[in-house]
Amino acid sequence: MSAYVFPSAYKGGRPVRLCESTRHFAMESLQGKYGAQTLEVPYIPVDDVLGWERMSDHERYTAALDVLVRKCPVRICEGERVCGAATLGAGVRHQVPVAREGSILWPSVSHLTVDFGILVREGIAGMRARIEGMDTSSFDAPAMQRHDALLRTLDAMQVWHGRYLEATRDAYPHLHQTLLRVPMQPAESFAEAVQSLWFGFAFLRLGGNWPGIGCIDRLLGPYLERDLAAGVTTMDEAREVLASMFIKGCEWIERDTPRGSGDAQHYQNIVLGGTDASGADVTNAVSYLCLEIVEELGISDFPISVRLHDNTPKEFLRLLARVMRHGGGVVAVYCEKTVLAALRAQGYPAHEIYDFANDGCWEVQIPGKTYFSYMPMDFLHVLLQDVLHVAEGEIADFADMDAIKFAYAERMKQVASHACESILDGFVPAWREGDYTFRLQMPTPMIDLFEHGCAESGRGYLESGTPYRVLSPHMGGVGDVANALSAIEQLCFMEKRLSVKQLCEILRKDWQGEEQLALYAKHKLPHYGNGDPAADAHYAWAVNAFADACAPYAKGYPIMFPPGISTFGRQIEWRAHRTAVPHGYRRGEILAGNTSPTPGTDTAGATATVRSYCAADLTRMTTGAALDIKMHPGTLEGENGLCALEGLMQGFCALGGYFMQVDVLDVQTLLDARKHPENYKTLSVRVSGWNARFVTLDDQWQRMVLERAGYVPGE
Amino acid sequence: MSMRVAEIQRFCTHDGPGLRTTVFFKGCPLRCVWCHNPETQKFASEVMFYDALCIGCGACVSACPTGAQVLTQNDRRRVVSLCEGCGACARVCLTEACKIVGTDMRAEQILAEVLTDAAFYGNTGGVTLSGGEPLCADGVIELLQLCKQHGLHVLVETAGACDPDTVSAAAPYVDEFYFDIKHTDAQKHKELTGADPTLILRNLAQIDRLGVKTRLRCLLVNGLTTDDAHFAHIAELYATLKHCTGVQLLRYHPMGGSKAAALGLADSGREEWIPTEAQITHAANLLLSRGVPVLTD
Ligand code: SF4
Ligand code: SF4
Ligand code: SF4
Numbered sequence: 001m002s003a004y005v006f007p008s009a010y011k012g013g014r015p016v017r018l019c020e021s022t023r024h025f026a027m028e029s030l031q032g033k034y035g036a037q038t039l040e041v042p043y044i045p046v047d048d049v050l051g052w053e054r055m056s057d058h059e060r061y062t063a064a065l066d067v068l069v070r071k072c073p074v075r076i077c078e079g080e081r082v083c084g085a086a087t088l089g090a091g092v093r094h095q096v097p098v099a100r101e102g103s104i105l106w107p108s109v110s111h112l113t114v115d116f117g118i119l120v121r122e123g124i125a126g127m128r129a130r131i132e133g134m135d136t137s138s139f140d141a142p143a144m145q146r147h148d149a150l151l152r153t154l155d156a157m158q159v160w161h162g163r164y165l166e167a168t169r170d171a172y173p174h175l176h177q178t179l180l181r182v183p184m185q186p187a188e189s190f191a192e193a194v195q196s197l198w199f200g201f202a203f204l205r206l207g208g209n210w211p212g213i214g215c216i217d218r219l220l221g222p223y224l225e226r227d228l229a230a231g232v233t234t235m236d237e238a239r240e241v242l243a244s245m246f247i248k249g250c251e252w253i254e255r256d257t258p259r260g261s262g263d264a265q266h267y268q269n270i271v272l273g274g275t276d277a278s279g280a281d282v283t284n285a286v287s288y289l290c291l292e293i294v295e296e297l298g299i300s301d302f303p304i305s306v307r308l309h310d311n312t313p314k315e316f317l318r319l320l321a322r323v324m325r326h327g328g329g330v331v332a333v334y335c336e337k338t339v340l341a342a343l344r345a346q347g348y349p350a351h352e353i354y355d356f357a358n359d360g361c362w363e364v365q366i367p368g369k370t371y372f373s374y375m376p377m378d379f380l381h382v383l384l385q386d387v388l389h390v391a392e393g394e395i396a397d398f399a400d401m402d403a404i405k406f407a408y409a410e411r412m413k414q415v416a417s418h419a420c421e422s423i424l425d426g427f428v429p430a431w432r433e434g435d436y437t438f439r440l441q442m443p444t445p446m447i448d449l450f451e452h453g454c455a456e457s458g459r460g461y462l463e464s465g466t467p468y469r470v471l472s473p474h475m476g477g478v479g480d481v482a483n484a485l486s487a488i489e490q491l492c493f494m495e496k497r498l499s500v501k502q503l504c505e506i507l508r509k510d511w512q513g514e515e516q517l518a519l520y521a522k523h524k525l526p527h528y529g530n531g532d533p534a535a536d537a538h539y540a541w542a543v544n545a546f547a548d549a550c551a552p553y554a555k556g557y558p559i560m561f562p563p564g565i566s567t568f569g570r571q572i573e574w575r576a577h578r579t580a581v582p583h584g585y586r587r588g589e590i591l592a593g594n595t596s597p598t599p600g601t602d603t604a605g606a607t608a609t610v611r612s613y614c615a616a617d618l619t620r621m622t623t624g625a626a627l628d629i630k631m632h633p634g635t636l637e638g639e640n641g642l643c644a645l646e647g648l649m650q651g652f653c654a655l656g657g658y659f660m661q662v663d664v665l666d667v668q669t670l671l672d673a674r675k676h677p678e679n680y681k682t683l684s685v686r687v688s689g690w691n692a693r694f695v696t697l698d699d700q701w702q703r704m705v706l707e708r709a710g711y712v713p714g715e
Numbered sequence: 001m002s003m004r005v006a007e008i009q010r011f012c013t014h015d016g017p018g019l020r021t022t023v024f025f026k027g028c029p030l031r032c033v034w035c036h037n038p039e040t041q042k043f044a045s046e047v048m049f050y051d052a053l054c055i056g057c058g059a060c061v062s063a064c065p066t067g068a069q070v071l072t073q074n075d076r077r078r079v080v081s082l083c084e085g086c087g088a089c090a091r092v093c094l095t096e097a098c099k100i101v102g103t104d105m106r107a108e109q110i111l112a113e114v115l116t117d118a119a120f121y122g123n124t125g126g127v128t129l130s131g132g133e134p135l136c137a138d139g140v141i142e143l144l145q146l147c148k149q150h151g152l153h154v155l156v157e158t159a160g161a162c163d164p165d166t167v168s169a170a171a172p173y174v175d176e177f178y179f180d181i182k183h184t185d186a187q188k189h190k191e192l193t194g195a196d197p198t199l200i201l202r203n204l205a206q207i208d209r210l211g212v213k214t215r216l217r218c219l220l221v222n223g224l225t226t227d228d229a230h231f232a233h234i235a236e237l238y239a240t241l242k243h244c245t246g247v248q249l250l251r252y253h254p255m256g257g258s259k260a261a262a263l264g265l266a267d268s269g270r271e272e273w274i275p276t277e278a279q280i281t282h283a284a285n286l287l288l289s290r291g292v293p294v295l296t297d
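Protein chains in written order, with the numbering used here: chain A, 1 to 715; chain B, 1 to 297.
What the hints contain is simulated information worked out from the structure, not anything from laboratory work. The structure presented is a predicted model; accordingly, all values stated were derived computationally and were not measured. One or more of the hints may lead you astray.
Stated by the list, open to error - Distance condition first, Cα-Cα at most 30 Å in a straight line; then the derived BS3-like pairs of lysine-lysine:
1. A/K524 <-> B/K148
2. A/K337 <-> A/K369
3. B/K42 <-> B/K242
4. B/K188 <-> B/K148
5. A/K314 <-> A/K413
6. A/K369 <-> A/K405
7. A/K555 <-> A/K413
8. B/K190 <-> B/K148
9. A/K11 <-> B/K42
10. A/K314 <-> A/K405
11. B/K99 <-> A/K314
12. A/K524 <-> B/K190
13. B/K99 <-> B/K188
14. B/K259 <-> A/K314
15. B/K259 <-> A/K524
16. A/K496 <-> B/K99
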């Protein structure tokens with residue numbers, strides 16, 4: 001029996017495998033003990049740096065970093081088995097935690113998965129030797145500044161490492177022993193590899209950055225398997241070490257988070273499983289350990305995505321289903337076949353695509369080689385306003401569906417090209433002259449150390465240093481676009497109840513006086529998400545039309561514009577400018593998120609929703625299209641419940657899905673958590689691409705989660 | 001030949017192994033006092049009326065050919081005796097306050113619905129025929145044949161009150177029966193379900209002779225089906241069967257009540273019928289002590 005209970009939606013509770021002190025450490029970390037400490041020191045003042053005025057941006061950055069690593073608090077937690085901590089509060093707020101005259105100097109970097117393998121395999125010493133040995137003869141002065149900044153950043157990491165060596169020498173000999181070798185030298189054992197990885201991760205976060213980790217099993221698995229074969233460690237021991245890393249990853253959890261779109265969204269992604277270039281499954285002992293740890297502790301701070309394929313081991317799928325059943329949305333899945341096909345079609349070289357990870361939510365990228373940014377766009381608004389002119393202007397009439405679709409597709413092209421060109425204008429000032437160099441926004445030498453191409457090119461992560469630069473146009477509102485088109489087709493052209501113009505006039509009046517028709521549209525017409533071929537055809541058409549609209553930008557640029565589908569949480573803010581919709585909803589209602597159905601319209605169950613979602617060619621949505629599925633714990637009890645989750649995942653893959661997040665939610669628990677937030681500090685839910693502790697969501701967001709869980713307001 | 005289907009439910013995890021699609025047929029010859037699916041008892045289609053969802057628009061009143069829907073300033077009701085189950089009201093009702101139960105479908109149509117989820121069944125899931133009494137549906141054999149032809153795992157939930165010829169004809173196409181035993185005492189069985197159990201037991205024996213796997217299912221209704229003698233007889237019955245995997249104990253839940261109200265019937269649900277945890281454990285132990293496997297999932 002353990003003294004600590006980690007919340008679960010499954011009435012059978014969570015297994016206990018870790019030792020009591022590790023569980024104690026986890027509970028304290030999850031309840032915000034270390035987050036509170038982190039916030040005590042928001043930043044390090046760097047007013048004393050001499051010669052600041054004469055320095056270049058890069059010199060300032062590394063000079064400030066030098067002060068930061070010498071003055072930041074050093075933290076060693078009781079019970080930890082890996083060392084190093086991101087102890088400055090401004091990092092939690094996405095800023096580089098240094099300030100002059102009380103003002104923060106730089107924002108930090110997120111939405112990327114770096115390659116921590118560089119540090120694990122080379123060590124600081126190896127990285128230094130490689131960078132020092134580089135041929136810089138062709139570098140201009142700015143490139144040399146960046147080159148120097150990399151070496152000074154390595155200096156800073158070394159200084160920080162020295163402080164942990166010092167702090168552990170007497171009191172923590174076991175930690176000290178490991179630190180004597182790593183991360184200075186290449187890791188040789190599993191424990192060293194975990195320490196080295198964690199040290200790099202914590203270092204970047206100390207500097208305020210929010211990196212993802214990516215395919216941790218591919219990186220650490222070989223070390224563990226070697227140690228296991230040599231009898232140097234056991235699975236139980238390895239689990240304790242790795243759990244320490246997961247628990248320390250919660251060190252930014254705050255005791256009293258400001259409520260908003262939720263915490264636990266520092267983009268600390270982990271990707272597991274999948275195949276390599278030979279088609280062989282790569283699942284290894286580390287893949288299992290990661291899932292076992294979150295199965296036991298329910299930690300959601302590292303959003304995990306599993307790459308599923310035809311030969312995903314049965315036991316691994318089973319473990320995955322067990323983790324899902326506890327709720328919290330800790331693990332989501334990719335259908336690897338779809339993702340690989342999408343990346344291939346985008347033109348990524350074949351040898352790169354098997355390494356894919358994501359930006360922290362689910363937008364796919366090649367880790368350690370990609371600059372990523374995305375442009376969210378509300379395509380429901382484009383339909384309602386630009387095509388139908390519901391809100392203002394002269395309402396157009398249309399003779400048939402083809403006319404509407406033609407006008408909409410044309411408008412999509414304009415919107416997509418405007419988005420692509422205006423982001424270029426912002427980031428790449430000289431692109432019209434053929435120069436695709438990004439404008440310098442700020443120095444990023446910490447990141448540059450872990451991104452391939454930066455040291456070699458003398459350019460930073462934000463300055464085209466990486467081999468791939470991705471600006472991804474994102475379609476928002478696709479579920480509602482499908483439902484709107486379906487409703488127009490039914491009402492105006494099949495049943496011929498009224499003309500498109502008349503319908504739009506009604507929408508302009510927010511359905512006033514036409515409540516019956518609104519109800520009819522809401523309840524009696526085919527909707528996306530129920531496996532209805534007619535409604536799904538509109539969805540598939542919209543996805544295709546959007547891909548076509550982005551196609552002119554797909555090739556021929558040194559920057560990629562791969563499309564994707566998302567709203568994340570924007571369906572909440574988008575309410576403000578959206579009008580009433582043809583499928584019966586009024587102005588101001590919260591509509592569909594990501595690629596999911598409009599709330600309240602999906603009545604045929606999860607399998608039908610998956611079938612609808614898979615009706616589009618999702619390989620054309622290169623950066624991804626996320627489907628959120630919410631389930632009640634009662635349907636997932638026992639062996640059958642696990643089989644059902646496995647079946648759901650297998651069907652999702654067989655039908656060509658892209659990314660699916662399953663959350664298991666009990667409305668009663670959520671309602672109770674609203675009443676007594678103090679009892680539910682650690683209850684996490686999948687929000688919209690990330691996890692958040694439910695009690696840190698503000699009222700709107702909590703309602704959204706509740707409604708997706710099947711709660712009908714007023715009941 | 002078409003069959004009357006009450007509902008097709010997807011993503012079912014309580015009607016057999018794995019992820020399943022369950023087809024609920026309309027019509028049952030028994031009348032269990034605790035019936036939790038009262039909307040499936042009658043063979044004819046009927047309309048359920050959910051008061052709370054009604055906005056009083058009156059559309060159903062104009063649509064109803066028999067005057068069964070009544071709506072005046074201070075009277076809103078449906079006269080069940082006048083209703084012919086034509087479904088006209090449900091078609092015009094915009095709020096789903098009126099819902100028709102009972103759609104006639106051909107075997108191929110049902111199969112097509114079931115196959116849409118084939119990608120999700122994996123190695124364990126499949127289709128479950130339930131009810132009502134699925135073995136009383138005309139054309140059920142044809143449906144079973146079609147399901148088997150398409151490689152589906154087929155499970156039938158039955159209470160066994162059906163034509164023995166249907167049982168024999170169905171058996172070759174069924175992977176497993178979940179067979180309800182309402183009560184083992186003939187007199188009580190008659191009182192509680194309105195039917196004599198002789199035919200039911202004969203059908204069970206026939207299924208076993210034909211070599212099809214069965215699981216016996218016993219609903220625990222406090223005071224009605226919780227006596228020791230009943231479970232002793234269940235153990236004896238189990239011992240006579242060669243292909244029975246065990247007994248599953250189900251807990252009574254008074255959820256038929258809201259459905260009964262929607263059907264215009266008196267609420268037959270009773271809180272005092274809910275069995276206690278101790279009664280369930282006691283029954284399970286009794287069975288186990290007599291060598292009967294007690295199945296949970
Ligand atoms: S056998 Fe089932 S459907 Fe028929 S009356 Fe009994 S409980 Fe109701
Ligand atoms: S089903 Fe037909 S007869 Fe019965 S109430 Fe509705 S419209 Fe009237
Ligand atoms: S049509 Fe529906 S909402 Fe209207 S009065 Fe009849 S039952 Fe009520």
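Outcome of the hint check:
For the hint linking A/K524 to B/K148, the alpha-carbon distance of about 34 Å lies beyond 30 Å, and the restraint is violated. At most 30 Å may separate the alpha-carbon atoms for a hinted pair to count; A/K337 and A/K369 meet this at roughly 21 Å. This hinted pair does not check out: B/K42 and B/K242 have alpha carbons roughly 34 Å apart, beyond 30 Å. Of the pairs offered as hints, the one joining B/K188 and B/K148 is violated, with about 37 Å between alpha carbons and a cut-off of 30 Å exceeded.
At roughly 44 Å between alpha-carbon atoms, A/K314 and A/K413 are farther apart than 30 Å, so this suggested pair is violated. A hinted pair counts as satisfied when its Cα atoms are at most 30 Å apart, and A/K369 with A/K405 does not qualify at roughly 38 Å. Taking the CA atoms of A/K555 and A/K413, the gap is near 16 Å; set against the 30 Å cutoff, the hint holds. A hinted pair counts as satisfied when its Cα atoms are at most 30 Å apart, and B/K190 with B/K148 does not qualify at roughly 35 Å.
At most 30 Å may separate the alpha-carbon atoms for a hinted pair to count; A/K11 and B/K42 exceed this at roughly 37 Å. In summary, the hint linking A/K314 to A/K405 is not supported, as the alpha carbons are separated by about 44 Å, beyond the 30 Å threshold. Simply put, B/K99 and A/K314 have alpha-carbon atoms about 42 Å apart, too far for the 30 Å limit, and the pair is violated. At roughly 44 Å between alpha-carbon atoms, A/K524 and B/K190 are farther apart than 30 Å, so this suggested pair is violated.
A threshold of 30 Å between alpha carbons decides the hint, and for B/K99 with B/K188 the separation of about 35 Å lies outside it, so the pair is violated. Between B/K259 and A/K314, the direct Cα distance comes to roughly 41 Å. Violation of the 30 Å bound is thereby established for this hinted pair. Only pairs whose Cα atoms come within 30 Å are accepted, and B/K259 paired with A/K524 is accepted, the gap being roughly 22 Å. At most 30 Å may separate the alpha-carbon atoms for a hinted pair to count; A/K496 and B/K99 meet this at roughly 25 Å.
Checked against the numbered hints above, the structure breaks hints 1, 3, 4, 5, 6, 8, 9, 10, 11, 12, 13, 14 and satisfies the rest.
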